[in-house]
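Engineer: Sequence:
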Amino acid sequence: MAVYWYEKAVNNGHLISMCNLGNLYRNGNGVEKDDKKAIELFKISAEGGYLGGIMMLGYCYDFGIGINIDEQKAVELYQKAANLGHNKAQYNLASKYKYGRGIEKDLDKAIYWYEQSAKQGHQKAQNKLKELRTIRKN
Numbered sequence: 001m002a003v004y005w006y007e008k009a010v011n012n013g014h015l016i017s018m019c020n021l022g023n024l025y026r027n028g029n030g031v032e033k034d035d036k037k038a039i040e041l042f043k044i045s046a047e048g049g050y051l052g053g054i055m056m057l058g059y060c061y062d063f064g065i066g067i068n069i070d071e072q073k074a075v076e077l078y079q080k081a082a083n084l085g086h087n088k089a090q091y092n093l094a095s096k097y098k099y100g101r102g103i104e105k106d107l108d109k110a111i112y113w114y115e116q117s118a119k120q121g122h123q124k125a126q127n128k129l130k131e132l133r134t135i136r137k138n
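Per our numbering, residue 1 is the first one in the sequence shown, and the count goes up by one each step.
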């Protein structure tokens, strides 16, 4: 039933619904799993400026979901959404800096982005922040 309403909203250009429907296709919830369809929806949502769409498109580039892995493109998209306050993108960007994947390793920037995400209540970011601060003390 949700798929029906999301599709109607998508046909009317609703960006959030595009991202949500993309997630249904990515996970195979209520529809047959289709990574290509998911990436199409994430791209349109991201191009429309929806932060969730930008973050999910970055995630797809990061892990090769429906598209070839491109960690630099993932970083670029995470950075865009992180700058606009998306806490999951901030967390993912921090992780990229922490491990130096797709970008030069930089623990100061990792801490900064974990802090931004943690301030918004992202539990994993709070845990990673504690971990990095402990590493820094030693």
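Among the clues, some could well be false.
What the hints assert, rightly or not - Straight line, CA to CA, 30 Å or less: simulated DSS-like cross-link-like pairs of lysine-lysine: (1) K80 to K37; (2) K105 to K43; (3) K80 to K124; (4) K119 to K130; (5) K43 to K119; (6) K109 to K130; (7) K33 to K43; (8) K80 to K36; (9) K98 to K137; (10) K33 to K73; (11) K73 to K105; (12) K109 to K137; (13) K37 to K105; (14) K105 to K124; (15) K73 to K109; (16) K124 to K137; (17) K119 to K80; (18) K119 to K73; (19) K109 to K124.
Derived from the structure by calculation, the hints contain no laboratory data.
Engineer: Hints first: check each against the structure and report whether it holds.
Structural biologist: Checked hints:
1. For the proposed pair K80 and K37, the alpha carbon gap of about 23 Å is at most 30 Å, so the pair holds.
2. For the proposed pair K105 and K43, the alpha carbon gap of about 28 Å is at most 30 Å, so the pair holds.
3. Of the pairs offered as hints, the one joining K80 and K124 holds, with about 20 Å between alpha carbons and a cut-off of 30 Å not exceeded.
4. Using a Cα cut-off of 30 Å, the hinted pair K119 and K130 holds, with the two alpha carbons roughly 13 Å apart.
5. Note on K43 and K119: the hinted pairing holds, with a Cα-Cα distance of about 28 Å set against a maximum of 30 Å.
6. Annotation: proposed proximity of K109 to K130 holds, straight-line Cα distance about 15 Å (limit 30 Å).
7. The suggested pairing of K33 with K43 holds, with an alpha-carbon distance near 17 Å, which does not exceed 30 Å.
8. Between the alpha carbons of K80 and K36 the distance comes to roughly 23 Å, so the proposed pair stays at or under 30 Å and holds.
9. Distance hint between K98 and K137 is fulfilled; the C-alpha atoms sit about 16 Å from each other, no more than 30 Å.
10. Straight-line distance between C-alpha atoms of K33 and K73 comes to about 24 Å, which keeps the hinted pair within the 30 Å bound.
11. A threshold of 30 Å between alpha carbons decides the hint, and for K73 with K105 the separation of about 16 Å falls inside it, so the pair holds.
12. Among the hinted pairs, K109 with K137 is consistent with the structure: their alpha-carbon atoms are about 17 Å apart, no more than 30 Å.
13. Restraint check for K37 and K105: the C-alpha separation of about 33 Å exceeds 30 Å, so the hint is violated.
14. With a C-alpha separation of about 19 Å, the suggested pair K105 and K124 falls inside the 30 Å cut-off, and the hint holds.
15. Our distance criterion of 30 Å between C-alpha atoms is met by K73 and K109, whose separation comes to about 18 Å.
16. For the suggested pair K124 and K137, the alpha carbons sit about 20 Å apart, so the restraint of at most 30 Å is met.
17. For the proposed pair K119 and K80, the alpha carbon gap of about 18 Å is at most 30 Å, so the pair holds.
18. Between the alpha carbons of K119 and K73 the distance comes to roughly 26 Å, so the proposed pair stays at or under 30 Å and holds.
19. Taking the CA atoms of K109 and K124, the gap is about 17 Å. The hint holds against a cut of 30 Å.
Consistency with the previously given hints fails for number 13 only.
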